[in-house]
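Asks: Protein chains in written order, with the working numbering: chain X, 836 to 1088; chain G, 16 to 248.
For the record, the hints were derived by calculation from the structure and aren't laboratory data.
Backbone N, C-alpha and C fix where the C-beta goes; we use that ideal spot for every residue, glycine too.
Among these hints, one or two may not hold up.
[Said to hold, decoys possible] In silico contact screen, one side only, chain X against chain G (beta carbon under 7 Å); selected entries:
| hint | residue |
| --- | --- |
| 1 | Ala864 |
| 2 | Thr866 |
| 3 | Cys1010 |
| 4 | Ala1023 |
| 5 | Leu1026 |
| 6 | Ile1031 |
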Amino acid sequence: MSAAEGLYRPGTSPLHRLAPQTKLVALVALTFAVVATPREAMWAFGVYALLLASLFALARVPAGWIASRSLVETPFLLLAFAFPFLSGGETLQWGFLELSVEGLWAGWNLIAKATLGVWAALLLAATTPVADLLAGLSRLRCPEILLQITAFAIRYAHLTVAELAQMRRARLARCDDPRFLWQAGALARGLGVVFIRSFERGERVWQAMAARGYTGRLPLDVSPAGASVAQWGAAMAAPAIAASVALWTAVGA
Amino acid sequence: MPDLALHIPNGIIGIPTSLAFGLAAALAVGACVAAARRGLDERLVPLAGLATAFIFAAQMLNFPVAAGVSGHLLGGALAAALLGPGLGVLCVTVVIGVQALLFADGGVSALGLNVVNMAVISTFAAYGVIALALKLLGRTRVGLTVAVFAASVVSVVAAAAGFLVEFWIGGEPIGQSFGAVAAAIGSVHVLIGIGEGVITAAAVVAVALARPDLVYALKGARIAEPAAVKEIA
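Here chain G stands alone, though its shape is the one from the complex:
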């Protein structure tokens, strides 16, 4: 249940803040569109579409966090690791837009807020962590696992922090101190982040072992552990 708390509905954040973040989201997504137009050959459009369908499906999959509590993937770290930050932002944006317009999940007035938190902040934060960690740890199986795990935790917590900043700027009064809200949301999302991290790391490593060329974060290199490849394949 708490996993849905990032899809901000209408009526939590006031209009001026929503509009400001809508503009920010439009600018960020616009920049990613421009970057994609420059760098993307037309081959990647169907691939991005199928990857988006995959994120869409992955979000429907619940994973257990502890007995009785389950969460679902946000997909920001997954998109960043497999598709890179630019394309990842576009794919997650599409998922959020489709959920808001086709399934009424997430408020229309909060679309900009949701895109900023879950697509832009979460994907770029995740990619930054992955790139840094791979540089530090090397492109090994362990390195990739740790990098993706850390990136997932950071991406979920960063998205939650994005929400808290928006709430601090323009939240409707709910009669609780900001500290209490921050503590409640922060602790829940650290747990979700750990769940997201375990699933995402295992999924990305599975892809890296079978088709390392499909993992953007590896930049075409194989992960340095040929024995493990044989064992899994």
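If we strip away everything but chain X, and leave its shape as in the complex, we get:
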């Protein structure tokens, strides 16, 4: 995983060209619309899935990529599949399995909302470079210090990850194979060493920057571009559809 570029997939689709701040606001609005939809309105979740699928097609993101990146939610899918067996209340006989109705609804609710949320976030991550994302957050008045920390963290994360991986390989090459917690000492000391190295790298980076005239502000993106009304309109189209579906289901139910 190249942490420096996140999950960005270069491209020139309309979604790639949208201003990042509009995409961020659209993501938040869409997510809340999905979460607000009552779980009994199954067709609404189908509409959301279709909406996101067509946006993925527009951005030319292949389905296999989405599937492999959606694996982050695996623990929750397992949890959702466990609900029908753990919950009490009214039960439903399905083959030889006795499933709780309430548990089935809870599992469906979690699967549908978590998956759609992951897809929406993947759409943003796939079509927006990290630097644009930071510029968009800066337009949305995210505090400068958080953005600077984020920029440094993303830029150097792959180095730190590589150092930890290197340590791990060195441990394994010397037959260290911890299976129990009390054997984890070498791992923890390695972590301490990597922290010291990271901090010392931070000191060197700061000295190099100070030598080049750094005064505490970073030209992340010289001046993040504003978004036109047309851009806002285009970005908010999908959340607007989702919000009206959510409203429809809420009123109808």
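Take the given structure of chain X and dock chain G to it, following the hints.
Replies: Coordinates of chain G only, in the frame set by chain X:
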């Protein structure tokens, strides 16, 4: 696997609660930003960035809890011990935000909940325990080990308790009694907390022996055991 259970996805907590905790998270992080602006010289911004990169990497590292079960660090106690509570909150917040926006890990609607649990509650709880324990036990190697270990356990359990409170206020119905959920989540996180404690304590002590000036919780003092320093170095 159970270690991921703290990154709340969309669809577990209802919207009003999510929004309320989003506001709480914004206020708490805002206060830390203001404190950092006042206290932080510009030297610390690159350092905080590299420390965040470190927490990010440390979260990818799995440690064994028992045969077949492994967890990964949450990093709240580590950040509190090494960077102090204010900066620690900012660093963990950045990690959570990056995971939600760049890697789709943790729901966007639950961002506020996740920040409150894992950044604010866990870091401040850990720092409180460390400060208290160091006062009681003194700045020795044993004292630091015990303090960081206890702080890690408390920070993980406090974060889990934060989740339970949020779930109690505005959780979507899942057909199980609150007691059953609380027992399941509580017991898993005590185990994770112990794992986190062993790793974090050993890591912080390793840093304290080599560069005591980098451990915020020691406030510039060396730990009182010069013989051990020679032995390790």
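Asks: Next, verify each hint and record whether it holds.
Replies: Evaluated hints:
1. Ala864: Not OK, violated: X:Ala864 not within 7 Å of chain G, min 10 Å.
2. Thr866: holds (4 Å)
3. Cys1010: violated (16 Å)
4. Ala1023: holds (3 Å)
5. Leu1026: Since chain G brings a Cβ to about 4 Å from X:Leu1026, closer than 7 Å, the hint holds.
6. Ile1031: holds (6 Å)
Comparing the model with each earlier hint shows violations of hints 1, 3; every other hint is respected.
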